[in-house]
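A.B. asks: What follows is each chain in one-letter form.
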Amino acid sequence: MNGSLSVKDRIKLSRPRSAVGVLAGWLLIGVVSLYVALLILAPIMSLVVGAFEEGLGGVLRALNQPDVLAAFWRTIWISVLVVAVHAVFGTIVAWVFVRDRFRGKGLINGLVDIPFAVSPVVVGYMLLLLFGRNGLFAPVLSALNIRVAFALPGMILATLFVTLPFMIRELVPVLENFGTLQEQAAATLGASGWLTFWKVTFPALRHGFIYGLTLTFARSLGEFGAVLVIGGGIQGKTETATLYIYRALEERQYISAYSVALLLGLFSLLLVMGTDLLKKRN
Amino acid sequence: MTALTNQPQKPEATAGLPMRPSLPWGTWGVRTVALTYLTVLLIIPILVILQDGLREGLGGLWHQVTLPIAWHALKLTLWTSALMTLVNTIMGGLTAYVLVRYSFPWKMLLNSLVDLPLAIPTLVTGLMMVVLLGPQEAVGSWLKENLGLSIIFAPPGIILALLFITFPFVVRAVQPVLLNLERAQEDAAATLGAGGWTIFRRITLPPLVLPLASGALLSFARAIGEFGAIVIVAGNIPLYSQTAAVYVLGEVESENRLGASAVSIVMIAIALSLVLFVDWLQSRSRRSG
Numbered sequence: 001m002n003g004s005l006s007v008k009d010r011i012k013l014s015r016p017r018s019a020v021g022v023l024a025g026w027l028l029i030g031v032v033s034l035y036v037a038l039l040i041l042a043p044i045m046s047l048v049v050g051a052f053e054e055g056l057g058g059v060l061r062a063l064n065q066p067d068v069l070a071a072f073w074r075t076i077w078i079s080v081l082v083v084a085v086h087a088v089f090g091t092i093v094a095w096v097f098v099r100d101r102f103r104g105k106g107l108i109n110g111l112v113d114i115p116f117a118v119s120p121v122v123v124g125y126m127l128l129l130l131f132g133r134n135g136l137f138a139p140v141l142s143a144l145n146i147r148v149a150f151a152l153p154g155m156i157l158a159t160l161f162v163t164l165p166f167m168i169r170e171l172v173p174v175l176e177n178f179g180t181l182q183e184q185a186a187a188t189l190g191a192s193g194w195l196t197f198w199k200v201t202f203p204a205l206r207h208g209f210i211y212g213l214t215l216t217f218a219r220s221l222g223e224f225g226a227v228l229v230i231g232g233g234i235q236g237k238t239e240t241a242t243l244y245i246y247r248a249l250e251e252r253q254y255i256s257a258y259s260v261a262l263l264l265g266l267f268s269l270l271l272v273m274g275t276d277l278l279k280k281r282n
Numbered sequence: 283m284t285a286l287t288n289q290p291q292k293p294e295a296t297a298g299l300p301m302r303p304s305l306p307w308g309t310w311g312v313r314t315v316a317l318t319y320l321t322v323l324l325i326i327p328i329l330v331i332l333q334d335g336l337r338e339g340l341g342g343l344w345h346q347v348t349l350p351i352a353w354h355a356l357k358l359t360l361w362t363s364a365l366m367t368l369v370n371t372i373m374g375g376l377t378a379y380v381l382v383r384y385s386f387p388w389k390m391l392l393n394s395l396v397d398l399p400l401a402i403p404t405l406v407t408g409l410m411m412v413v414l415l416g417p418q419e420a421v422g423s424w425l426k427e428n429l430g431l432s433i434i435f436a437p438p439g440i441i442l443a444l445l446f447i448t449f450p451f452v453v454r455a456v457q458p459v460l461l462n463l464e465r466a467q468e469d470a471a472a473t474l475g476a477g478g479w480t481i482f483r484r485i486t487l488p489p490l491v492l493p494l495a496s497g498a499l500l501s502f503a504r505a506i507g508e509f510g511a512i513v514i515v516a517g518n519i520p521l522y523s524q525t526a527a528v529y530v531l532g533e534v535e536s537e538n539r540l541g542a543s544a545v546s547i548v549m550i551a552i553a554l555s556l557v558l559f560v561d562w563l564q565s566r567s568r569r570s571g
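Chains as they are written, first to last, in the numbering used here: chain A, 1 to 282; chain B, 283 to 571.
Hints listed in this document are in silico derivations from the structure and should not be mistaken for laboratory results.
Please note that the accuracy of each hint is not assured.
Here are the in silico distance ranges between beta carbons for each label pair [what the hints assert, rightly or not]:
#, chain 1, residue 1, chain 2, residue 2, range
1, B, PHE386, A, VAL49, 24 to 30 angstroms
2, A, LEU266, B, TRP424, 40 to 46 angstroms
3, A, ARG101, B, VAL322, 19 to 25 angstroms
4, A, LEU56, B, ARG337, 54 to 60 angstroms
5, A, GLY30, B, GLY342, 52 to 58 angstroms
6, B, PHE482, A, LYS279, 48 to 54 angstroms
7, A, TRP26, B, SER394, 17 to 23 angstroms
8, B, LEU336, A, ASN145, 38 to 44 angstroms
9, B, VAL322, A, VAL22, 56 to 62 angstroms
10, A, GLY30, B, GLY311, 55 to 61 angstroms
Covered stretches of chain B, as calculated for chain A (at least 3 residues, CB under 8 angstroms) [to be verified]:
#, region
11, 343–356
12, 409–417
13, 425–437
Calculated lysine to any residue pairs in the SDA-like style (CA-CA distance at most 25 angstroms, straight line) [stated by the list, open to error]:
#, chain 1, residue 1, chain 2, residue 2
14, A, LYS280, A, VAL174
15, B, LYS389, A, ALA42
16, A, LYS199, B, GLY311
The beta carbon of each residue, even a glycine, is placed where N, CA and C say it ideally should be.
One chain only, chain B, in its complex shape (with noise of 0.2 angstroms):
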């Protein structure tokens, strides 16, 4: 990198010059190319898909949504992806802690395996847990023989994999919030004698509510559409393990238009207006300091 372009600079530094466009073509030639690049990748298909489940109303919609299979697959991906939600939660958020606040030889190594999921091909994931799991492999039988749990082909194994998968999200949400904490304020309380309970709960945890809801919601809204992974171990029995992502599939196979619009909108909307919502929680943080 040349001594040029290593000084980033701030903003007001240039409020006072007229704006120029770096690229050629002029600012409308490259506002022209950008927007219809989003609007035929991104635009055009939601429409479509929208117009689509809406062509017999809202009723119609609603109708496809609440027949018995569709809607037994819907309330099962709600549910797996909520206690996913609820345990990631917990175990991203102590993650974090201990990276953070800790040190112990196997740290780097941990720190690392955090991120590993992001890499790995959501199908692979699913494969993974199969091969560890599943009822003909060793840890799985001898699960199936001495505690009678199925995890494969069932709603645990959709947990755990969905587990696996946004592992990432809550660490990486907490852990550059807690860095930047001040233990200052922790060994204040300390020192006036508050217990270790009590620091946690009214100095360490609530500027960690933010990140840790942020993560949850997106662990979430990742869950809701997740299909390469559950499609290998949930086994995909209508009406007891079979996710909404999957039930769609089968509808498009078997040409039923308006079921599969109709379940690929619930889901979109779930989804979307939770990410759209973390996006305005963290520009709210943002701007408020």
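Just chain A, same shape as in the assembly (with noise of 0.2 angstroms):
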């Protein structure tokens, strides 16, 4: 547009900074400063000051309670299990979003994002008339002996459910770009299908891959409505540690649940943080 323009010419053409023009900057940048500090810093520390309030002690006290450690493993073993799952699943489908062709196609990819629409509780609430004591399958699953609901893979279901749009929607645009020229290449090198989606197609997905894995693992970790409602949060057996804060909270035991709680939104922050130093350096 201006590329005949010098820097100078620039800013000799752009609009002169007036003394009152300059203050209205330093005003608009105070109250945003001022909305963000208020709305998301002081929330923060006063979780961090809450927790820390026996010292440190106190908070490790807490975290090193056998309910607190059990709840933890759950979770993250619940995670694990659902980034494996979408791993495999949500490349797949990306898969057939991109290259595939067939009719309504369209309104499948915007059925991707239903999850983004439906409250955990609902979540929860579908997976019960499916597999609770009255649901759909109960007849299937009392015959099996298989218990989904308040139990494990129910809530495996629910966190599934939750975070199915995160792989799909990272892995779209990076296979879009990628196109499928290199794959071509390496077919007509006498490459086979698998030969040619480990050594050419994977590598190029690999960062979109690590940004929605740790996308999917962090919001797993966080999962609460959805898991409270199928899995019941019982004590020693569904309890995972957002379900423990919960629990905490309500038999007041705060120093628990506050302590619980800034590990749990610790591991959280480090895991996408970690993920945007990541995309920054690409």
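Please assemble the complex out of the two chains, which come individually in their own frames, going by the hints.
C.D. replies: Right, here's the structure in full:
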């Protein structure tokens, strides 16, 4: 647009900064900074202060309870499983969306956003309608003696539903940009389908793949509503880290609740920030 | 990354060549796996709740939705979400503007704070709000005694929690568009004698309307279903501070299936139509350039 103008010309042309303009600019910066400080920073700081009310010892004591450790392991276990399933099937779905053509693809593409729009409570409830005591699949499940509701399988399904879009939405644009030329070259040179996928397509997707996985993992760690409804939050059985926080609050064990919340928040924060750093480096 | 994978290909370059599946088991196998996965995980649960909520017809659904407590919960959810969306659109737009157009020492810090809410579990968000503003905490009790304001266990707490959770939506929708905007037009308008406000209203604002609307609608859709933060901050008093998601939980626990399904369907219908509308808006703006 103004390729022929030098930087100096641009500066001369740009609107002169009057004293009023400068003042208005600082006022705007001040208002926005204050808003972010009060809305985002103040609550975070207050949680840190709340958790450390009895010092570091209090936090460590709270985190070292058997219930807390078990809840964290359950959360991590569920999240790892969810990430593994989405890694495989999310890639396949993304591939189909980009490369395959069939009728109704546009509609199905829109459906992938459903989990963004459904309340976590409703997700858990939908699974209860399928797998609960009077659910659609109840006869089959009781015949096979499988428990899904109020057990880990149901909680894994709920977390799978909630995190479905992340992997697909990260991979689709990467796959679209990559094109098929290199795969065709590999095939021309005699590479098999698998070899082409592992040596050509997958390396190109690698970063999108890692972002998708971390986002899925972080979201799984923090899931609450859906696992509460389908899992029931049974102490020692289906209690994840978020469900522990909820129970600790009801039992007025504030230091425990704050400490677990702090660790959980810190953990998912590091995951997401690490991904952001990775993204910026590329 | 190898040199092989570094150049993105333009679609035209491959248009003339035959499509070749890059995964084994052929296209049909892959397609079947993908569609089965989506059907089992997404479509069956949605169909089941639709069938359950409509088992006594639309009239039955309507009756459940208009029961006083359910109706109040839905209205509360909608008005708190709407008020949050209004504030979030203005403050999110201003934040994006400040981040793009000004430089100041703590700009990097401000920019990374914007993403924080995406990384924090919403239950933890709710907890933070209670620790800061709860009636037994320093700030909360001060507000209560001196200004007569109760925030936690009341509707204002819901709005605050929602503002925290959806803060990135508007900022991150507006920021890239603003970054790509040519300042030459604003400069030209200034040269021609237009005042600051006129320039903002006539030149800067129009291209930002679409991203502002997308961010606002997504915030609203996200707010309709929010549970984790609200269940902690709202106090969940029926006919006062109980939102739709918390109402559904109560009905599930008391085994009122029809009521739970009916309110769930209304929530899904509102949020899903908004999300699909935003999808459509964005794909249309991409196509028109």
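A.B. asks: None of the hints should be skipped; say for each whether it holds.
C.D. replies: Taking the hints in turn, this is what the structure says about them:
1. B:PHE386 to A:VAL49: 24 to 30 angstroms: holds, 27 angstroms
2. A:LEU266 to B:TRP424: 40 to 46 angstroms: violated, 28 angstroms
3. A:ARG101 to B:VAL322: 19 to 25 angstroms: The hint (19 to 25 angstroms, Cβ to Cβ) holds, given that ARG101 (chain A) and VAL322 (chain B) are roughly 23 angstroms apart.
4. A:LEU56 to B:ARG337: 54 to 60 angstroms: holds, 55 angstroms
5. A:GLY30 to B:GLY342: 52 to 58 angstroms: Between GLY30 (chain A) and GLY342 (chain B), where Cβ atoms are some 54 angstroms apart, the hint holds.
6. B:PHE482 to A:LYS279: 48 to 54 angstroms: Cβ of PHE482 (chain B) to Cβ of LYS279 (chain A): about 32 angstroms, so the range 48 to 54 angstroms is violated.
7. A:TRP26 to B:SER394: 17 to 23 angstroms: Between TRP26 (chain A) and SER394 (chain B), where Cβ atoms are some 21 angstroms apart, the hint holds.
8. B:LEU336 to A:ASN145: 38 to 44 angstroms: violated, 32 angstroms
9. B:VAL322 to A:VAL22: 56 to 62 angstroms: Given about 60 angstroms between the Cβ atoms, the range holds.
10. A:GLY30 to B:GLY311: 55 to 61 angstroms: Between GLY30 (chain A) and GLY311 (chain B), where Cβ atoms are some 60 angstroms apart, the hint holds.
11. 343–356: violated (count 0)
12. 409–417: Check passed, 5 qualifying residues.
13. 425–437: violated (count 0)
14. A:LYS280 to A:VAL174: Within the cut-off at roughly 16 angstroms; holds.
15. B:LYS389 to A:ALA42: Status holds; Cα separation ~18 angstroms.
16. A:LYS199 to B:GLY311: holds, 21 angstroms
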